[in-house]
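*Asks:* Given next are the chains, with one letter for each unit.
There are 2 protein chains.
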Amino acid sequence: MKRTAFFISDGTGITAETLGNSLLAQFGHVEFERITIPYVGDELSVRDAVAQINKAAKVDGSTPIIFDTIVNQHIREEIANADGFMMDVFATFLKPLEAVLETGSSYSVGKSHSIVDDQSYKVRIDAVNFALDNDDGARTRYYDKADVVLIGVSRSGKTPTCLYLALQFGIKAANYPLTEDDLDDVQMPKPLKAHRQKLFGLSIEAERLSAIRTERKSNSKYASLSQCESEVRGAEAIYNRFKIPYLNSTHASVEEISTRILAETNIERRLQ
Amino acid sequence: MKRTAFFISDGTGITAETLGNSLLAQFGHVEFERITIPYVGDELSVRDAVAQINKAAKVDGSTPIIFDTIVNQHIREEIANADGFMMDVFATFLKPLEAVLETGSSYSVGKSHSIVDDQSYKVRIDAVNFALDNDDGARTRYYDKADVVLIGVSRSGKTPTCLYLALQFGIKAANYPLTEDDLDDVQMPKPLKAHRQKLFGLSIEAERLSAIRTERKSNSKYASLSQCESEVRGAEAIYNRFKIPYLNSTHASVEEISTRILAETNIERRLQ
Chain A
1 MKRTAFFISD
11 GTGITAETLG
21 NSLLAQFGHV
31 EFERITIPYV
41 GDELSVRDAV
51 AQINKAAKVD
61 GSTPIIFDTI
71 VNQHIREEIA
81 NADGFMMDVF
91 ATFLKPLEAV
101 LETGSSYSVG
111 KSHSIVDDQS
121 YKVRIDAVNF
131 ALDNDDGART
141 RYYDKADVVL
151 IGVSRSGKTP
161 TCLYLALQFG
171 IKAANYPLTE
181 DDLDDVQMPK
191 PLKAHRQKLF
201 GLSIEAERLS
211 AIRTERKSNS
221 KYASLSQCES
231 EVRGAEAIYN
241 RFKIPYLNST
251 HASVEEISTR
261 ILAETNIERR
271 LQ
Chain B
1001 MKRTAFFISD
1011 GTGITAETLG
1021 NSLLAQFGHV
1031 EFERITIPYV
1041 GDELSVRDAV
1051 AQINKAAKVD
1061 GSTPIIFDTI
1071 VNQHIREEIA
1081 NADGFMMDVF
1091 ATFLKPLEAV
1101 LETGSSYSVG
1111 KSHSIVDDQS
1121 YKVRIDAVNF
1131 ALDNDDGART
1141 RYYDKADVVL
1151 IGVSRSGKTP
1161 TCLYLALQFG
1171 IKAANYPLTE
1181 DDLDDVQMPK
1191 PLKAHRQKLF
1201 GLSIEAERLS
1211 AIRTERKSNS
1221 KYASLSQCES
1231 EVRGAEAIYN
1241 RFKIPYLNST
1251 HASVEEISTR
1261 ILAETNIERR
1271 LQ
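So the protein lines, in turn, are chains A and B. For the first sequence, our numbering assigns the number 1 to the initial residue and increments by one for each residue that follows. For the second sequence, our numbering assigns the number 1001 to the initial residue and increments by one for each residue that follows.
Please keep in mind that the hints were generated in silico from the structure rather than gathered at the bench. In this text, all values refer to a predicted model and were calculated from it rather than measured experimentally. It is possible that some hints are incorrect.
To be verified - Some but not every residue of chain B turned toward chain A, in silico, with C-beta under 10 Å: (1) LEU1044; (2) VAL1059; (3) SER1062; (4) VAL1254.
To be verified - From the derived model, a few chain A residues whose C-beta atoms are all more than 12 Å from chain B: (5) GLN26; (6) ASP118; (7) LEU132; (8) ARG196; (9) SER224; (10) GLY234.
The C-beta atom is built at its ideal place from N, Cα and C for all residues, glycine as well.
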């Protein structure tokens, strides 16, 4: 039986989605259709949301699940009257929080993802620009400004990780590709020598790397399993020889790689 | 009085953080120190987390708040015994979810941010590469492959938005800068003519734009208020003339801009 899950918010919907997806992931055997309805702030959008919920209930023949982070009580009540089962995030958690903090909450709309101040906006944009400007070894002379320099063979996941670190945490992350010369000789690339304490390595299973590279250039030496095996072996030899912390990105999402790097180093977030 | 808020997880900690930050944002008058402890999976890391909580309680002279998404019950109990007030996300929501879904949950560790399958990994990486390759009008001949083409004056927020759309939703977003020639004549740039239905405009208040540009090039014509005013006016004239949907990015975070674009268009997410 199919179930529809709604993520409804008067803001971006990101909190409702993130929480909801975490919870739904615990029901791996149930098939969910996911529908996010953000910016539900007026009568028209509420009525539209209610109509979507009621329609899903009818079509599915089962009760839709609703994860909501709606501040306005009147809107919450209208959503609660739809044919769905409502997991009301704010109603559930704000009361106990108010009790322990011994103060009322402002219950303000969509506050969590607004720009807090110009400073944090700047930190984030600077970090994104840094990641773009210092991607793939394009420029190496600003590594003294980097919080971390990711290294690894081509297609090991360096670029998306740097961008995620920048957007999510405001961290200035550069990345540098290990080339065949470095790998064959198990040597530290010259531009990295002065920044050894900032290096973090990515590794990956050769089979997976070969599959990823095949998407890009099929039937190439670059994508061949033997080439990938040799490069991965060389990269790990460099990490071990120079005691560079590293992790295997094969079965990890960008979120996991990024948060693991933070957990295993002393890099400080520039954004909270 | 300062409060410490802990986000503790056996996974990335992203769910605990996202939910916790949304809730704490409702207490704008309370000063929180935020500490994320991800990957709490063994005795050593549990003991370390408990020690951090107890220390914060002592230093602050107030009860720390704990948002946790820990699956392992034994670990949850140890955290619950620390000197903190625990908002136990899974314990709170999984029971009612199991009831309405009429099935047990697998309660599996850190599942929400793992790679679900190779296909979704590929979608995401392809989108990131697309955003990088088609940034800032660098290349315009692949706009037929784009889900959306953001347009706007320099520094109106196009690039971070494209990267966020790619990482978060797997959406292929290109961006194209409106130049003075286009703005002065209120004309549609030639490379965009064939893709009018994909265009989305970003606008921004001239004062804010001037401040952002001053960070980059102070005392330049580029950053001057009069130049910014003229460019913004020209951009909005283009949006209005050609009926291009647009939004004002001035007070919006990258998350807000991205989710508003999705809400106001028919662009479909490629990642759920």
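*Asks:* Hints broken by the structure, by number, lowest first?
*Replies:* 1, 2, 5, 6, 7
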